[in-house]
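Asks: One-letter residues, chain by chain:
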Amino acid sequence: MANYNKRIRYKNKWRNIKVGESPGTIAIPDDAVKPRIAVFSFNQTDLQISEGSDFKTITQQIKKCTEHTHWIKINGLGDAALIESIGSLLNINHLVLEDVVNTHQRPKFDEYDDYVFGTSRIIYFNKKDEMVNCQFSALVKDNLIISFEERHYNYFGVVEARLQAGKGSIRTAGPGYIFYALTDTILDNYFVLLGNLGDQIDQTEDRLYKSPDKTIMFEAQQLKRMLIAIRRACWPERDKINDMIRSENALITKEVKVYLRDAYDHCIQAMDLIESYKEVTSSLIDLYLSMVSNRMNEIMKVLTIISVIFIPLTFIAGIYGMNFSREDTHGHVISDNMPELYLHHGYIYALILMLAIGIIQLIIFWRKGWFNKL
Amino acid sequence: MANYNKRIRYKNKWRNIKVGESPGTIAIPDDAVKPRIAVFSFNQTDLQISEGSDFKTITQQIKKCTEHTHWIKINGLGDAALIESIGSLLNINHLVLEDVVNTHQRPKFDEYDDYVFGTSRIIYFNKKDEMVNCQFSALVKDNLIISFEERHYNYFGVVEARLQAGKGSIRTAGPGYIFYALTDTILDNYFVLLGNLGDQIDQTEDRLYKSPDKTIMFEAQQLKRMLIAIRRACWPERDKINDMIRSENALITKEVKVYLRDAYDHCIQAMDLIESYKEVTSSLIDLYLSMVSNRMNEIMKVLTIISVIFIPLTFIAGIYGMNFSREDTHGHVISDNMPELYLHHGYIYALILMLAIGIIQLIIFWRKGWFNKL
Amino acid sequence: MANYNKRIRYKNKWRNIKVGESPGTIAIPDDAVKPRIAVFSFNQTDLQISEGSDFKTITQQIKKCTEHTHWIKINGLGDAALIESIGSLLNINHLVLEDVVNTHQRPKFDEYDDYVFGTSRIIYFNKKDEMVNCQFSALVKDNLIISFEERHYNYFGVVEARLQAGKGSIRTAGPGYIFYALTDTILDNYFVLLGNLGDQIDQTEDRLYKSPDKTIMFEAQQLKRMLIAIRRACWPERDKINDMIRSENALITKEVKVYLRDAYDHCIQAMDLIESYKEVTSSLIDLYLSMVSNRMNEIMKVLTIISVIFIPLTFIAGIYGMNFSREDTHGHVISDNMPELYLHHGYIYALILMLAIGIIQLIIFWRKGWFNKL
Amino acid sequence: MANYNKRIRYKNKWRNIKVGESPGTIAIPDDAVKPRIAVFSFNQTDLQISEGSDFKTITQQIKKCTEHTHWIKINGLGDAALIESIGSLLNINHLVLEDVVNTHQRPKFDEYDDYVFGTSRIIYFNKKDEMVNCQFSALVKDNLIISFEERHYNYFGVVEARLQAGKGSIRTAGPGYIFYALTDTILDNYFVLLGNLGDQIDQTEDRLYKSPDKTIMFEAQQLKRMLIAIRRACWPERDKINDMIRSENALITKEVKVYLRDAYDHCIQAMDLIESYKEVTSSLIDLYLSMVSNRMNEIMKVLTIISVIFIPLTFIAGIYGMNFSREDTHGHVISDNMPELYLHHGYIYALILMLAIGIIQLIIFWRKGWFNKL
Amino acid sequence: MANYNKRIRYKNKWRNIKVGESPGTIAIPDDAVKPRIAVFSFNQTDLQISEGSDFKTITQQIKKCTEHTHWIKINGLGDAALIESIGSLLNINHLVLEDVVNTHQRPKFDEYDDYVFGTSRIIYFNKKDEMVNCQFSALVKDNLIISFEERHYNYFGVVEARLQAGKGSIRTAGPGYIFYALTDTILDNYFVLLGNLGDQIDQTEDRLYKSPDKTIMFEAQQLKRMLIAIRRACWPERDKINDMIRSENALITKEVKVYLRDAYDHCIQAMDLIESYKEVTSSLIDLYLSMVSNRMNEIMKVLTIISVIFIPLTFIAGIYGMNFSREDTHGHVISDNMPELYLHHGYIYALILMLAIGIIQLIIFWRKGWFNKL
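Chains as they are written, first to last, in full-length UniProt numbering: chain S, 1 to 374; chain Z, 1 to 374; chain C, 1 to 374; chain D, 1 to 374; chain B, 1 to 374.
Derived from the structure by calculation, the hints contain no laboratory data. Keep in mind that the hints are not guaranteed to be accurate.
[Said to hold, decoys possible] Here are the computed lysine-lysine pairs in the DSS-like style, where the Cα-Cα straight-line distance is at most 25 Å: (1) Lys141/S - Lys34/Z; (2) Lys128/B - Lys128/D; (3) Lys34/Z - Lys167/Z; (4) Lys210/D - Lys128/C; (5) Lys167/C - Lys56/C; (6) Lys278/S - Lys210/B; (7) Lys214/D - Lys128/B; (8) Lys210/S - Lys368/B; (9) Lys108/B - Lys254/S; (10) Lys210/B - Lys257/S; (11) Lys210/D - Lys278/B; (12) Lys210/S - Lys108/S; (13) Lys278/C - Lys167/C.
If you're wondering where the values come from, they're calculated on a predicted model, not measured in any experiment.
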């Protein structure tokens, strides 16, 4: 029943929509967490990291290393002033800033005159084993990439590690490559998620074959819903990557596009896998329902066979339990009523009659194939 | 059961279709409400509002402020003369006027030589908690926008408030921006509606897990139907916005198109959400039906176990209730009939036999796994 | 049950297909009705109508008014000679004439060098309340339009009335406008049909909520099938109108195209409505089936509760109805058998035992929630 | 049950696939029938027919009439040498010859430098009422058309008859027209097939309404499967005809294309019909299943009403059949046990009690609406 | 039940995904088998084969025969060094090498400057009758083709045999033709697989008609899942072949493209077959479920008929088994209680009453059509 905890709730999800508000308004949701900022400034030989929680962390680091590429990593969106400051520092359209804080965006890729902007969905299971579906967005301009994550969860540790190791082209291929690396990490995590769901499908199927019970239906529905959630994240991701590949913006270099093509293939693989898993999950539900039907059938057969055999027998016993054959006042039996009772061996004959009826019925049932397993 | 009130009825919906009527005929439906008119005339520094219910309200205000942008807001379509007057004032095609009063249009955007015309669906829950699906249409020409709403319900109060506040570009970006602002308000309201439906889905699901009863099926069907209604409004809205973005008409300025692109994204998000909700609702129905099946299964098992155990026992009791072992006229028992009855401890033996049969059956059922929860 | 009469039959529908016949053969179906001809000759000021049933009616009228526009309205296709004569008079391709008499065409629009040809489906309920799906086709050439209807049913009375009234551009916009007017009348009638079906859906739904019975399933299936029939007519109609709008033939004037665009919108609205109705009808069927399931569940619960309570009680009564405690020949009871029978107040104790068992079972069922309404 | 014979079997269908074989290998299936050859040589005034079973028949006839158009009609593919000879005579690609003998091709149209090739599916019911799905292919080159049919069944008798009659353009329009005529005959036969299936659907539906039994399910599934088989043949046929219309090859003359456009319309009509029939068949299955459900419901109701009424009554009878009220050894009743038995009119009171219980239960059931027809 | 062994498991399938790893990393899965290498060097007259398991085998053979075409066949991917060596020898992009060892690629065809790369899915049943779905990939550059198979299973023996036979163009048409031949072998094997599944569908259907039992549901689900697996392999294969046909790379010669077009047709045929089989399998499941329903119905009918007939009879027997008609202390019957018992022939009357009730009920059931087979 642990799966019930993973239930995805729809309540409160769209609470921060203010009807008719002026477009471009930066409305921080009430449950947004305070930002944590890390700035990675690097070139082929050097990597500097500075951490903090306000705008100064960013400006100081950028001023210090003017020749480096910067990855400004912001976890938590609960500070409107910070977002505004970044917006005015880089001269970003207010509609983009609104998309950063309205954390229900579909994955998309938008190009502007001198910067590009993209969003994705980060999906993971938190410590309580609940599925969390939060937003990632990134802005690339000049030698800068600013990534915004909705939560503090350290999702991109692997990219940081690769940056510190400094192998491959990660330090030299510019901020567009960092954008690709983050996107690819998200996609890889979809496969990890799908791997987990695949394991759960296997377990559910094992239980279905070995000891089916009614929680299977709930589990299968949970699995299906998670697959739907991942599909909602993955499907527009494909379009987004495609838009990036087709983009003619200099920030997405030719080298990055080669890698993006690889990511595109991964994305289609994930879609493929999701569709397969959905079909398998549906067939588990069908199988389960047919097993319930069969079980019912079997129960009914047992009930029917036993009832139908004994009901006539009990009726006969009832007949000979009737009190018609009373003696008259002198103790003489009134012999024309129920003469069977006065038969020599009448009891034995009655038992034989019952046995015969029972056996005949068994033969009829056997002929009808009721002892086969339908 | 409150949801039954929200039932969408199809009766009378198409009553004002007159077969073969000349196109462009302005036929006011019988249940149309009388118009209320409000004219907002504004420029960057000034906002004048005049209200009324006849054509004079409009003409006076337009003559007074020739340099202003005008938003003429008409709630209620029950005055054919008014529509005709507006049509001849602005020189509008009769087919357009017909679309204004035939309130079953799909959302669409039509361009004409010197004006543009668009329709949308306004959906809200009225005070009786019924879903109302009425028509919004708007005409933009020169420095004018005329919006037509089917009901008196004050749907665009937020836009009026923004106009009075005068922040952003709402007073300066022309009538096309007002058109965008109204469209965006409609979209925002779809999210609010979907938020409400999401809450209801959550509640229905909670009830399904905690105390399922047969109203769940009705509720789920109601939810599904409302989602279908919103989808019917939202899907062509997407095409409409797209047509507006692609339009080369000067009334839809470049600045407005940037905002429309944002609205387009919102529209796709809403579609996405609707599809997800529909899938979730369907899975609720499946879950409920499987719970009904399981419940039936359980009931049948109880019936079968109890029946099958007691039927043979009752039969045995019936046997020994037969009157075969009668005494003869001298009071001597005819001993070859039912000798068991005259056995010492025969009663105890019979009880033991019954107990044994009962226990054997229980063991058989246990082995068959009937005490497991399928 | 009146709906059963509306059943659509597939028998005999394709009887007039002759395999491998030479293309362009005019094979009149056996059940074709004799033609009735009406010729409307009109210009802005004048309208002449002449009626008849043979080719002469047409030629006389055409010769008389050479400057007029002519609408030749033919109801009934049961006269091959007439069709042939028209074909040779106007120099029409034999394949076209074949399409006129083979009354199972999909709606389509074909252009030829100097004439255009289109077909549509006329759908209406006849006096027996059966759905009739027959063919309309029309040929436009020069200043002539010839319309062919399969039946005598007066479907285009409204267009005749508009022609007699002479308002709008109906008398002046040429034969292409008449073609539009006829097509639009067909579309308007689809809405009327859909309005009727919508009423029936409402009624069926009302009955489902108030007094469901098994005819609902039949009705829902009938409704679904009628919707499918209308969809089959409406879907290609959309393509046909689109082809007319895109046509560069001079017979479809620019003025007519404006109206056709309006008709195109109506066609999409009808499609929309059909899809919605189909979804609603399907959900009615689902609801009904779930109600049947629930009803079954309830019946089984009543049966099970009563059976399970009384079966053990009847067994106990059976026990104490056994004849083990017989007196010996001297009238002395053999006291070690069934001593309960000789207990003081034994009967009361037995009744109390039974009552206790019954109450305990009720408590168990109550705890299991069987008295809740699943 | 006759329909069971029509079961389509999948066994052995793909037996003549040799994995990894060199492409263009002419592998005759084991069950191929020996070819029968007929050569029709004709021009406007003359028609010569020669029949045989080997290659000589063809060459002699072609040499004899060099100015005629030839239709070489081959029924049966069981002679690899013949196919090879034809291939080398006309200089045909081996891949094409392979397609001729591999009789599981989808309908298609291939163009080569100086010849065209097409395949279709011939579907008919044989004498045993089994559905036969075999291959037709045709090669058109210069003034020749060679048609290959898999079986001896005389499918194109109607085309032969038209050729002998010599009306229309069949003798003058070249081999491309013959190709069209054969394709059109196949399409016409699809309509005949569909007409038959439509009749069967009607019959099955009649039986469903009048005397439903469980063979209906089998029949409906058979019908569905046949519709799927025809659809598999018809769908690519549409693409094939479209390819022919678009072909720029001189063998498909402009005149033929006019007729092909007509055939294209027929093909779409057939598709339309198939989809409708599939929907109707599915709805028959749904109706049948709901009738089974309803029947079950009714049966359960009868069982429950009778059981529930009589079980308590039988219990009461059981109570008063208990032997508690025994007389003591002196014949005196022990009066504190079961005093009801000694009541004056006790028996009548007991009967009245039972009657009352029965009536009360009937009232309860009636109030619950169990006597309504759900 | 043998089919259970064929169950496709999802566990561990995506274990070798390392989140956020640098792209182009060659991570050999733990369960990869050691490579076996065979190099086929051939020209029109000569064929040399050398086998081994390390990189030397390849380089030696290539150096020896510089004018030959080489097919390097590698079975097993468990040697990262080998893959790396081949990559550096031929100057291959690391992303391609990664695709070779990540054995969950979708079929695809990628073109690079001087080489092309393609993947496919090899599907076969191993000795344990389990479905194995492993990866095939091939690199074509200059006069070389390197094929990588995931397992040691000898899948392409037929191509080797054709190479040794040397007929047709296999030795002369270059490495692109070998690529085609391998792809075509894979497709042919799909048909063999589908042939097997077709046989199984036939067997399952036979069992469904003759002796249905509950394993049919499992089998049908297994079949469906295998069809889904093959479809997942076959669908992108079509795109791959299409990409190859459209490729302008010189490695795919015009001659090869003719054959590829043939392969494309086969691929579509396979898709067609898969869809048909899926529909048939679904209809088997539907049929089975309806048979279960019918069986249930029949069982319930037997139970109900027997119960409903005997319950009232047993009740009557119970009535006359009551002990109301006791004698008083003097042996006189208290005659106002149960006078029926003292009737002359009362027993016979009672039996006749019972018989009458039974017969009436049978007539009622017969009238209701319960003895018909629904």
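Asks: Check the structure against each numbered hint from earlier and tell me which ones fail, lowest number first.
Replies: Failing hints, ascending: 1, 2, 3, 5, 6, 7, 8, 10, 11, 12 and 13.
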